[in-house]
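Chains A and B supply the protein sequences, listed in that same order. First residue of the first sequence? That's 775 in this note's numbering, and the numbers climb one at a time after it. First residue of the second sequence? That's 55 in this note's numbering, and the numbers climb one at a time after it.
Hint data in this document are derived by calculation from the structure and do not stem from the laboratory. Warning: the hint list may mix true and false statements.
[As the list claims (entries may be wrong)] Derived pair list, reagent style DSSO-like, types lysine-lysine, alpha-carbon separation capped at 30 Å:
(1) A/LYS1022 with A/LYS933
(2) B/LYS143 with A/LYS1136
(3) B/LYS174 with A/LYS829
(4) A/LYS1015 with B/LYS174
(5) A/LYS875 with B/LYS354
(6) A/LYS875 with B/LYS252
(7) A/LYS1022 with B/LYS145
(8) A/LYS1015 with B/LYS143
(9) B/LYS143 with A/LYS875
(10) B/LYS352 with A/LYS875
(11) A/LYS1142 with B/LYS174
(12) A/LYS931 with B/LYS174
(13) B/LYS145 with A/LYS875
(14) B/LYS354 with A/LYS1033
(15) A/LYS933 with B/LYS195
(16) A/LYS875 with A/LYS1007
(17) A/LYS1022 with B/LYS143
(18) A/LYS816 with B/LYS174
(19) B/LYS354 with A/LYS1015
(20) A/LYS1102 with B/LYS252
(21) B/LYS145 with A/LYS1136
(22) A/LYS1136 with A/LYS875
(23) A/LYS1015 with B/LYS252
[As the list claims (entries may be wrong)] To spell it out: a stretch of chain A is covered by chain B in this simulated footprint if at least three of its residues, at any positions, have a beta carbon under 8 Å from a beta carbon of chain B; those stretches are:
(24) 906-918
(25) 937-947
(26) 964-974
(27) 1112-1126
Source: prediction; values computed, not measured. Quick reminder that beta carbons are idealized off the backbone N, C-alpha and C, glycines included.
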Amino acid sequence: MKADKRFTLYRIGISVGIALLIGYIIVFIASVPSTDIAFMKKMKEAFDSANEAYKYFLTGALVRWRFTGAAFNQSGFIQWINEAVPIIITGLAVSMVFTAKQFNIGAEGQMFLGAAVATAVAIYFPGIPFISTLLVILTAMAVGAGFASIPGFMKAKLKASEMVTSLMLNYVAFFMGLFIIKTFLRDTEAGSLVSLEFQQQTMLPLLNERYRWHIGIFIALGMTVLVWFIMKKTTWGYKVKLIGDNIKFAEYSGINSSKMVFQVQVAAGAVAGSAGIIELLGYHGRFLWLYSPGYGWDGIIIATLARNNPLFVPLAALFLSYIRVGAKIMGRYTNIAPEIVAILQAVIILLVTAEAFLAKWKQRSINKEATQSETNDTPVQVGEVR
Amino acid sequence: MNEMFQGILSWDFIASGIRVTTPILLAALGALIAESAGTPNIALEGIMLISAFIGVIVSGFTGSLWLAIIFGVIVGTLMAAILAYFALKLKTDIILAAIALNIFASGGTIFFLAMLTGDKGSSASVNSLLIPNVTIPIIDKIPILGDILSGHHSITYVAIVLIFVVQYMMYKTPLGLRIRAVGENPDAAESVGISVVKTRFIALMLSGFLASLGGLFLSMGYVSWFARDMTAGRGWIALAAQALGGLNAFGVAAGSFLFGFTEAVSYSLQIFDIPYEFTQSLPFIITIIVLGIYAWRKVKASGKLNVSNSSVGPTEK
């Protein structure tokens, strides 16, 4: 068991390393100048500018590079933390459902529709500090839960694949959300399609006015602890895990699996529902998404990286938002498009979830350990990890 | 009201419905083959997008239509092969692997578009080619029939032919039999000497091949450029069409036409002040309802046969 965990950690590390390497190669190729100069000189130039680009990519979120030297990048840091907030929350939602070995591709729609409906409350409910904020978030959670109950019900009662239904509902949620904003909440004074502004008192308190560092991160971390507690320390969470581990066994021990499947989908829907509105309450102050921002999909990546453990979810989310902010900063200083992050994400997911990736190596090290403990007289190799 | 029916029933409308259906139909046939093998391919969306991109870029930079088609198809099939390799050899969860490929396709095409053309939105600056339409000699002279049957895009005709090819392959050839056997009961198939991994590999690559034709149609027929995320959910709609049609190519084709024509209707309905958002979500709502009814009937049927069966399988596939 212990060797297994250590191995998972290695695998994640190696996957991230390979992804960064592939990214470097792509940046290098993109940096090769098209001018007509000697091959070696070309390579030298590409090498220099690729290194420069990667310097921004890997450190940009924390370091501001000046001619005089490096300084702390406050705006990058705050952006890093702020961007992690919604994806921590969707990551938690997806990890809950994954624990029960169910699929939830619907987090995206739950988040979008939750934010759109809660926007109405944030605009029209009188701005009372704390109370109205809480009400807005609870509205979004209720909408998310309600919307998640559709695939939950169809899976639990009708045994319809929740994957297809939640996928279809994403589109329905997107169009419904857009319709609500467009028809009822639109700010007609604004040039683009955005909602009216939220009540000032309803907005989340700020830690830093200039870069709008809001307290969303503490809400997200609070939710992390809560979800961790529910999943790991309560009977309900244990039942969810039992269903995921072995549904037949769970049923024989008297758990109503349809009921649990429904409940976990709805609970995760409530969590996911709050992801979008918290960002709007903290940062933008109005609804402004014309495209679904993709936080639900990010949640799937994060839950996968965190191995469905709620406590690891913030780490995975912070990692993802770190490379994203770094990529944006790289895009500002070089001609490398920040979408390169998508390529890295894909490589990381593929390798991290590949059960058989490095499995031979794992098996060999386990075998070696086993034979060594058997004979116990083989000399220890140099640099060997025991 | 009268106007509306005129709009819906015109021959232009039917032609537009067929055009909208083509990419969905091709991807849905791919979904059918993959699903039959027991390995659902939800990377169709990304495969279509990549092939659409490759078609435009290759034709724009080489000026050769054939090279564009060949590369578009090869890259699309290769994407499916990567999915198959990770899912079957490296034991990645096939759904997660497909999500990874979709993320790669969506971001990667934008990245490489920006790298090659300097534009992140569309390939407007690239002088890419179109795959031509086909006029059927004699039929196109017949008044109504000619409008419906002739003058479509070459890939549309290929797609129609492929409905029959896929149906024949799945139910009349040894390969189809093996694919279905592997999907229905992999252990039994293995015990009679069918290689499960190899068969699923082939099925996934075939599904990638079909989806890549759909992608080429999008950027080299439906429109004449590549735009970011231009597949716009067609890969997912194809999965829904497959879910509606089951494992029968004609059923899947019917499902695809239903979606294609619903979308075409939604364009016509926009004239009548019906909000665009409602008509756009119509295909998805229909799918959910139909899936619900299917599942309900299945539950009822199995309830009659076996009352004690109350298990809810966690993502059986």
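Broken hints, numbered, in rising order?
-> Violated: hints 4, 11, 12, 15, 20, 23, 24, 26.
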